[in-house]
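Peer 1: The residues making up each chain are set out below.
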Amino acid sequence: MTELDETEFKRLLAAKGLTLDESGFAAALQGARNLKAEVARVAACHKAHADKKS
Amino acid sequence: MSSAADLSLSEAAAAMRSGALTSRGLVEAVLQRIAARQRLHAFTHVAADALAQADAADAWLKRGEDPGQLCGIPIAVKDLIDVAGQPATSGSRALAGRIATGDADVIARLRNQGAVLIGKLATYEFAMVGPDMNLAEPPARNPWNLAHITGGSSSGAAAAVAGGLVRLAIGTDTGGSIRSPAAYCGCVGLKPSYERVSRSGAFPLSPSLDHVGPLATTVAEAALALDTITEGGNWRPASALVGQSIEGLRIGLARSWFADDPKASPELIRAMDEAAATFSMLGARVSLIELPDYAPYQAAASVILHAEALAEHAALIAKKQSAYGRPTLQCLAFGAVITDDDLAMARRAVTPLTLEMMDAMANVDVMLTATTLSPALPFSAFDGEKAVWTPMRTIAFNLTGQPALSLPCGFENGLPLGAQLVASIGSEDLLCQVGHAFEQATDHAVQRPLF
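Sequence lines, in order, name chains A and B.
Going left to right, the first sequence walks through residues 0 to 53 as numbering that gives the first Met the number 0 numbers them.
Going left to right, the second sequence walks through residues 0 to 450 as numbering that gives the first Met the number 0 numbers them.
Derived from the structure by calculation, the hints contain no laboratory data.
Among the hints, erroneous ones may be present.
Over 10 Å on every C-beta distance to chain A, these chain B residues come out as not near it, computed from the model [said to hold, decoys possible]:
{"id": "1", "residue": "Ser1"}
{"id": "2", "residue": "Ala51"}
{"id": "3", "residue": "Gly96"}
{"id": "4", "residue": "Arg108"}
{"id": "5", "residue": "Met132"}
{"id": "6", "residue": "Gly247"}
{"id": "7", "residue": "Arg249"}
{"id": "8", "residue": "Glu266"}
{"id": "9", "residue": "Ser279"}
{"id": "10", "residue": "Ala322"}
{"id": "11", "residue": "Phe378"}
{"id": "12", "residue": "Pro390"}
{"id": "13", "residue": "Gly409"}
{"id": "14", "residue": "Ile424"}
Sample of chain A residues facing chain B (criterion: CB under 8 Å; computed from the structure) [stated by the list, open to error]:
{"id": "15", "residue": "Leu3"}
{"id": "16", "residue": "Gly16"}
{"id": "17", "residue": "Thr18"}
{"id": "18", "residue": "Ala31"}
{"id": "19", "residue": "Glu37"}
{"id": "20", "residue": "Val38"}
{"id": "21", "residue": "Val41"}
Being a predicted model, the structure only gives us computed values, none of them experimental.
We put the beta carbon where it would ideally sit given N, CA and C, even for glycine.
Work out the full structure, taking the sequences as your base and the hints as a guide.
Peer 2: Listed below in structure tokens is the structure:
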């Protein structure tokens with residue numbers, strides 16, 4: 000999984016109409032990266048369940 | 000000097016019916032208590048018509064009508080839940096000046112029983128993140144040590160109950176927002192089964208995970224409150240088994256969920272082991288159980304929560320973004336990275352994760368684990384710039400929808416610790432039976448902070 004980069008995160012925030020100042024953006028970027036890691040964990044969980052069934 | 004504010008709900012109800020106490024007298028005592036303990040910052044609004052509500056309850060009882068045990072009892076409400084005629088800001092400047100035009104379903108049920116809706120309680124902004132020192136209202140403070148947080152987001156509710164302002168408050172819980180402040184402040188918090196209590200009229204954070212429930216001084220009072228606010232249907236009364244022996248009940252101690260985490264304090268582990276020993280002494284059959292790994296539950300719930308929260312706030316952000324607190328806006332921003340496919344995948348994980356949890360608990364009646372892994376942090380741990388997450392074991396049961404009860408189980412450096420009991424959906428009666436037995440066998444719940 001490639002790490003979410005700043006440009007992409009700025010684009011996503013703009014699409015949602017969200018504006019953050021510089022330090023707010025840095026904190027949110029870190030949180031967003033952590034959340035993307037949680038998405039990967041959910042995917043791994045699905046894979047584990049599928050492997051268990053097969 | 001004793002105060003009517005310290006009477007239990009059953010004592011106050013009996014005194015009102017015998018004529019030894021009026022609701023007006025009780026409410027006056029509670030109003031005095033609220034005024035005397037303002038430094039807790041638990042209340043954001045005290046109802047101007049509190050005494051009029053009390054008089055109406057007195058008249059109701061005088062006529063011989065008895066709508067229920069909560070008639071004339073003052074109850075406070077988290078400011079995320081609408082109470083007609085009272086401010087409803089969800090702790091945010093973005094809703095400053097908003098007055099609720101109607102009652103949330105849960106409030107209508109309480110009002111129909113003659114409860115006195117005495118005021119609104121501090122909340123983390125939109126139940127999202129806190130404490131934030133820069134909101135319109137200061138954050139609630141922990142009654143055991145004012146330099147420490149209450150936890151949240153039902154921050155004022157836990158401070159008000161543990162601080163002796165009211166016996167009963169109504170809060171909301173999306174990831175632990177009833178249970179963690181209850182644990183940090185030393186009171187009882189009961190997150191009911193999903194959809195047992197209506198969420199209508201409560202500002203949504205994440206509708207798939209949101210629950211409305213009580214915080215109370217005792218388990219019996221939490222059970223009584225839950226029975227009052229339960230929607231129709233075939234839910235067994237939470238109070239039905241309170242006071243019955245727990246001999247022979249099977250309690251599974253999920254010790255690895257807290258003891259294997261380096262963030263768990265030694266005192267918390269010791270308190271939990273003592274709690275398990277207490278249940279054994281009461282005749283329950285206590286065994287160690289292994290629950291599934293906590294991380295996938297937290298992961299799926301976090302994805303759902305952030306995606307749904309941002310969707311819920313989209314319209315208000317478009318109009319009032321500058322009025323949001325900085326930590327809340329940052330936290331909402333996380334959700335921008337969740338795609339529709341990510342959300343769908345997280346939602347698809349709910350059923351297998353729930354089945355896995357039920358399977359792990361199949362041979363026990365009630366599961367015992369920690370609510371939080373340590374006591375409440377000091378305010379100084381929060382710099383106001385970014386969120387500080389405190390370790391909890393709560394959000395898994397927002398995902399599975401199982402009922403969960405947090406109750407005091409000890410202290411660390413003068414700050415409360417909380418144990419959590421979890422059962423199958425609809426088994427609040429078992430939770431309250433077991434929780435009440437523990438409360439009666441220990442002195443954790445009767446200890447009160449000094450003022």
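Peer 1: Against this structure, judge whether each hint is valid.
Peer 2: Each hint tested on the structure:
1. The beta carbon of serine 1 (chain B) is kept farther than 10 Å from every beta carbon of chain A, the shortest such distance being approximately 49 Å.
2. With a closest Cβ-Cβ approach of about 44 Å to chain A, alanine 51 (chain B) is found to remain outside the 10 Å limit, as its non-interface label requires.
3. Under the 10 Å C-beta cut-off, the non-interface status given to glycine 96 (chain B) relative to chain A holds; the minimum distance is some 23 Å.
4. Every Cβ of chain A is farther than 10 Å from the Cβ of arginine 108 (chain B); the closest lies at roughly 36 Å, confirming the non-interface assignment.
5. Every C-beta of chain A lies more than 10 Å from that of methionine 132 (chain B), the closest at about 16 Å, which supports listing it as non-interface.
6. Annotated as non-interface, glycine 247 (chain B) keeps its C-beta farther than 10 Å from every C-beta of chain A; the closest such distance is 34 Å.
7. Non-interface call for arginine 249 (chain B) relative to chain A: holds, since the shortest CB-CB distance, roughly 26 Å, exceeds 10 Å.
8. A cut-off of 10 Å between C-beta atoms confirms that glutamate 266 (chain B) is not in contact with chain A; the least separation is 29 Å.
9. No beta-carbon of chain A is positioned within 10 Å of the beta-carbon of serine 279 (chain B); the least distance is around 34 Å.
10. The claim that alanine 322 (chain B) is not at the interface with chain A holds, since no C-beta of that chain comes within 10 Å of its own (minimum 13 Å).
11. The non-interface label for phenylalanine 378 (chain B) is consistent with chain A: the shortest C-beta to C-beta separation is roughly 19 Å, beyond 10 Å.
12. Every C-beta of chain A lies more than 10 Å from that of proline 390 (chain B), the closest at about 15 Å, which supports listing it as non-interface.
13. Glycine 409 (chain B), annotated as away from the interface, keeps every beta carbon of chain A farther than 10 Å; the closest lies near 31 Å.
14. For isoleucine 424 (chain B), the condition that its CB be more than 10 Å from all CB atoms of chain A holds, with the nearest at approximately 21 Å.
15. At a threshold of 8 Å, the smallest CB-CB gap from leucine 3 (chain A) to chain B is about 6 Å, leaving the interface hint in force.
16. Hint status for glycine 16 (chain A) relative to chain B: holds, with the closest Cβ pair at about 6 Å, below 8 Å.
17. The restraint placing threonine 18 (chain A) at the interface with chain B holds, with a minimum CB-CB distance near 7 Å, inside the 8 Å limit.
18. Residue-level restraint check for alanine 31 (chain A) holds (minimum Cβ-Cβ distance to chain B is 4 Å; threshold 8 Å).
19. For glutamate 37 (chain A), the suggested interface contact is upheld, since its CB lies about 4 Å from the closest CB of chain B, less than 8 Å.
20. At its closest, the beta carbon of valine 38 (chain A) sits 5 Å from a beta carbon of chain B; the interface hint therefore holds under the 8 Å criterion.
21. Evaluation of the valine 41 (chain A) hint against chain B yields a held restraint, the C-beta minimum of about 5 Å falling below 8 Å.
The structure agrees with every numbered hint stated previously.
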